[in-house]
Amino acid sequence: MNKNDHIPVLSSEVLDALHVKKTRKYIDATLGAGGHSSLILAHGGSVLGIEADNQMIEIARANLGQVGDDFVIAQGNFVNIDRLAKENGFTLVDGIFYDLGISSLHYKNGRGFSFENEDEPLDMRLDTHSQAVTAADLLNSLRRDQIEEMLGAGMELGEARRMAILIWKFGEKKKYRCVRDLVAALDGMPRMGKLHPATKVFAALRIAVNSELTNLTESLPRAWELIKPGGTLVVISFHSGEDRIVKQFMGNREKPVVPSEEELEKNPRARSAKMRVLRKEKNEI
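For reference, each letter of the sequence shown is one residue, going 1 to 285 in the working numbering.
Simulated from the structure, these hints should not be mistaken for lab results. Careful, some of the hints might be misleading.
To be verified - Simulated pairs of lysine-lysine, DSSO-like, Cα-Cα distance not exceeding 27 Å:
no.	residue 1	residue 2
1	Lys247	Lys282
2	Lys282	Lys22
3	Lys228	Lys255
4	Lys108	Lys175
5	Lys280	Lys22
6	Lys266	Lys108
7	Lys86	Lys280
To be verified - For each label pair, taking beta carbons as the anchor points, the in silico distance ranges come out as:
no.	residue 1	residue 2	range
8	Gln248	Lys173	33 to 43 Å
9	Trp224	Pro121	36 to 46 Å
10	Gly230	Asp119	44 to 54 Å
Because the structure is a prediction, the values reported are computed rather than measured. Just so you know, even glycine gets a beta-carbon here, dropped at the ideal spot from N, CA and C.
Given only the sequences and the hints, what does the whole structure look like? Please build it.
And the structure:
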């Protein structure tokens, strides 16, 4: 994996929302390749970077080149943000940032995140050490209605049902093992606008394998407790299910910040990004 392939989304908007200043402490709940953390560090902030994927931790170390008082890495899932923060001395911070989903680098790591890499195993685990169930395991064990429920978090009901029937019928004839199997199951499905029919299915399956929506729901209130009065929670989401959880937690009706046309020209992957911000009042405990 080329460590420079990933472009951080809405980088200037994140810095502005977090009010990054020297000596202030921040938690990057989704360290990834370290793109956003590097910007916070460059502006004088201290960062605790949380990352579940050991491969991504190595890339972040290579990109940032420093691990010390100003930058600490914690291997783990953000669902445990309270424990990881306490263990690393970040129990009261000025801001916490989430960049949900996966890095563009994940599409090249051999774990079946992309439908374009048909020979890869259908794995999709972010943490291959502590997570036992792969994407193939999940598809081989779910009933049709359970597959439909899994897909329904990110697409229309009728669309989810049609996809679920195809996936389940294929699985009745052959066990899922590699990316090619799932692509074959979806063969013949029409495009959804500009999207390949497999795009939403692969996203929904990855989210299910890694319990991403459940983890996010549990993590946000824990993160909020770590933010000092006057501090900020910033979340970038790429999936309707994620955004629904964030919007419900924040309870605000403001429109999300989205990438500019200029940013989209440079980074088309940012097209579905939505950034929401919640500031803790100075008199709020």
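Evaluated hints:
Simply put, Lys247 and Lys282 have alpha-carbon atoms about 22 Å apart, close enough for the 27 Å limit, and the pair holds. Our distance criterion of 27 Å between C-alpha atoms is met by Lys282 and Lys22, whose separation comes to about 19 Å. Distance restraint check for Lys228 and Lys255: the Cα-Cα separation of roughly 25 Å lies within the 27 Å cut-off, and the hinted pair is therefore satisfied. Restraint check for Lys108 and Lys175: satisfied, since their Cα atoms lie roughly 24 Å apart, inside the 27 Å limit.
Restraint check for Lys280 and Lys22: satisfied, since their Cα atoms lie roughly 20 Å apart, inside the 27 Å limit. A hinted pair counts as satisfied when its Cα atoms are at most 27 Å apart, and Lys266 with Lys108 qualifies at roughly 20 Å. The suggested pairing of Lys86 with Lys280 holds, with an alpha-carbon distance near 20 Å, which does not exceed 27 Å. Range check, Gln248 to Lys173: about 40 Å between beta-carbon atoms, so the 33 to 43 Å window is met.
At about 37 Å, the CB distance of Trp224 to Pro121 agrees with the hint of 36 to 46 Å. In this structure the hint that Gly230 and Asp119 lie 44 to 54 Å apart at CB holds, the actual value being about 51 Å.
Violated hints are absent here; each numbered hint is respected by the structure.
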